[in-house]
Amino acid sequence: MPNDDKRTSETRHPHLRFSRRGLLVGVAVGSAGAAVPYATAQPAHGDAEDRIDLARQHAFYGAAEQAGIRTLPQRHIFYMTFDLTSPQRRDLQVLLARWSGAIAQLMKGQTIGQVEPDRSSAAGFDTGEALALDPASLTVTVGLGPNVFTDTYGLAGQRPALLRALEQLPSDALKPEFTGGDLSLQACADDPQVAYHAVRDLARIAKETGTAATRWTVMGFGRASAGKGQATPRNLLGFKDGTRNIREDADFEKFVWVKDGPAWQRHGSYQIVRKIQMHIENWDTDRVSDQNNVIGRHKISGAPLTGTEEFDAPDFHKVKSDGSPVIPDTAHIRLAAFENNDGVRILRRSYNYTEGINQFGFLDAGLLFIAYQNDPAHFETLQRKLGAADALNEYISHIGSAIFFVPPAPLEGSYIAESMFA
Amino acid sequence: MQRPSPCRILIAATGLTALFVLAPGAFAHDSAPAPIANGASQVKITLTGDNGGTCILDHTIAKAGPVTFSVTNKTATAITEIELQSNNRILGEKENLAPGLPTVSFTVTLGGGAYQIYCPGAAQETQTFTVTGQAAAAATGGTAAILADGTKGYAHYVDGVVDGMVTAVNRLKVAIDAGDLAKAQAEYPQARLFYERIESDVEGFVLPGFKATNNAGNLDYLVDMRASNLDPKVGWHGFHAIERDLFRDHMIGSNTRTLAAELQANVGRLDKLVKTLEYKPEDLANGAADLLEEVQSSKITGEEESFSHYDLVDFAANIEGAQQAFAFLAPGLEKIDPDLTKRVQMQFAAVTTLLDGYRDPTVPGGFRLYTAELKASDATKLSRSIQSLQEPLSKIAEKVATAH
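One line per chain: the protein sequences are A and B, in this order. With the working numbering as the guide, the letters of the first sequence map in order to residues 10 to 431. With the working numbering as the guide, the letters of the second sequence map in order to residues 11 to 414.
No wet-lab data here; the hints were simulated from the structure. Misleading hints may appear alongside valid ones.
What the hints assert, rightly or not - Pairs of lysine-lysine residues, derived as DSBU-like cross-links and limited to a Cα-Cα distance of at most 30 angstroms, are as follows: (1) B:LYS193 / B:LYS282; (2) B:LYS345 / B:LYS162; (3) A:LYS184 / B:LYS391; (4) A:LYS263 / A:LYS394; (5) B:LYS243 / B:LYS282; (6) A:LYS184 / A:LYS268; (7) B:LYS285 / B:LYS221; (8) A:LYS184 / B:LYS385; (9) B:LYS84 / A:LYS117.
To be verified - Looking from chain B toward chain A, a few residues come up when the C-beta cut is under 7 angstroms (computed): (10) LYS84; (11) GLY131; (12) ARG353; (13) SER393; (14) GLN397; (15) SER398; (16) PRO402; (17) GLU408.
Where a beta carbon is used, it is the ideal one built from N, C-alpha and C, also for glycine.
Here chain A stands alone, though its shape is the one from the complex:
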């Protein structure tokens, strides 16, 4: 169940309010072409307005999952992982408690402490760049990496049953500088400065308490996934991403939330993050028919090659007159489809990213792929297949990877994962 009534009511009854700044951003999506049917023709899934209400806020505390998983994807992300730098159990407790209190403040659009302290010798507590900015639907989601659950912290016995390092997967080109971490913060908001401020100030707490140091980070823009009622957005390949994403509560229950184990793990989920570099200059020069074959969909409409509308079910058996499949054997959607993977599905909550220009003069960009599932093996099943045979592999590289257990939200007066220390 969602942990926040307000969130669901806003989800079900989207309404518009003016923010303090009176700023309301409306963006019409799907207007790129009219020749092919597109999402706005689909009231069940489309949100023709796709408006941002910067005054909207989500609750941090709750009795079920953390915000930032089922929450409708916001426009921007600032994602960071950390290494633990203290071997003290108490330091880890203090950090998780300090982070929890601070996140509760930040999600309300408030500072986490004095910006300009009374004493002139004092350093500011909150860095101040989000002053007077609205909450902008900020969610900060905390993940715990495999090293948390070790004897160092007396937590070996609390390790979630399925938390482990991911196996090496075909086509992995992982770089150490974008891989791993003991803690993760996924900050998503409709205002990038709000997301940045949140992680910046939480990283200060980590350093100030001596508990954790920054490891790697990605700042992403343009959500590349849709929640229920949102139009399907596009990744940097120019294709819609997430047409067949998980949307329904029953699927969240079946594929996303952890249902067993100790009470403190239920409504948790496994977060898998992959930094996927896209060789976009090459992609951009590829003929569109090939692009469509690589993905298995039409670029503008998002319809499968066997259909005419985005949400048409792909027909993987349909063949052309010469007997070859309409959706090629190596097409991305064929390899990833639940029909071809024993029904396995994962929740994707990805964002586009750019990091400027690389040392060879190419645009350095890609997809910060974030998936939530109740068993990391589900991701491995899909990626084993994709990494081995996906036609898209010519244009992408998985250069970063990490896995975390995301515990449920704390109740007010408690903090993230408090019960595991009991």
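Guided by the hints, dock chain B onto chain A, whose structure is given.
Positioned in the frame of chain A, the structure of chain B alone reads:
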């Protein structure tokens, strides 16, 4: 009794007491002094998220003597610390308060008088706490006196470093005057490290008769300016101009000799100046923080010693200088905030351990050269270690500045 702020109604979260804090002149809600247990008055402070953050005392009066404050953060996400103050001086405090963490306590011995409980982030940040009975015999004075001793010790340390610098610069000059390039190259890092230990104390020195904006009279400019910030009107002087001749051009010319003579004269001026300096405790804390900033801005980047690549020598010297300043504050800081003292000590130890891995006795200065390859592979690791030290260290100045 004096009340600091207008009427405000606070509801005790324990449910035992409804606590009314009244306007000046009104009688107190709860005239009973805090109960005594284990030889100390017991005061409970509860933090809640009500009204945007509320700090509730179960008693606002205690008898003179030891007082134990037990602090519990129930639901206040905006409040992470609490202090007991007397006229803006911190007598005791607790940090890292967050909902869900266990109750923490601190005990202080108080004489009669008015004190303040300061809860930064609460809707009402300051409340009066009254102690009845005899005023403390003498001002507690202890911590301030210990810190003052520390600053004297630090001044002595700085004098010693500058004496060492005078000697090392003389040796560098002798090698340069003799035209011995290899010897001069070996002496260079030996002289540098003295300057880097104390550079935060000598920034801003202006020679008599010069304006603060004129670099021709700025000692730090004349001694330590790098290529990146040259003032064309004044030209290049000091260590790094010599570094350029010795390590980039591999030659000693008449200009090198002039530069060495100038440097010797300016270091002699520094030597006289620093002996007149007195330091406040916060000067030590701010100086240590400045040295860490120097590490981040010019050593990690390899900009400081761009020709000789002795950046790690300077790095280690900056750390040593910061650690010395901190060590002279530690006995006093320990009394104000033992947790913070320990955190900073741990982070210094971590940095020192990390630096030890770069020692190489075969290289002048005792550390590996900071080459482009080493920078590419290790800069992040080094910078991260300093960041973990910077954040806790930045908390020290305000503590020692207000010590009683």
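Violated hints, by number in ascending order, as checked against the structure: 6 and 13
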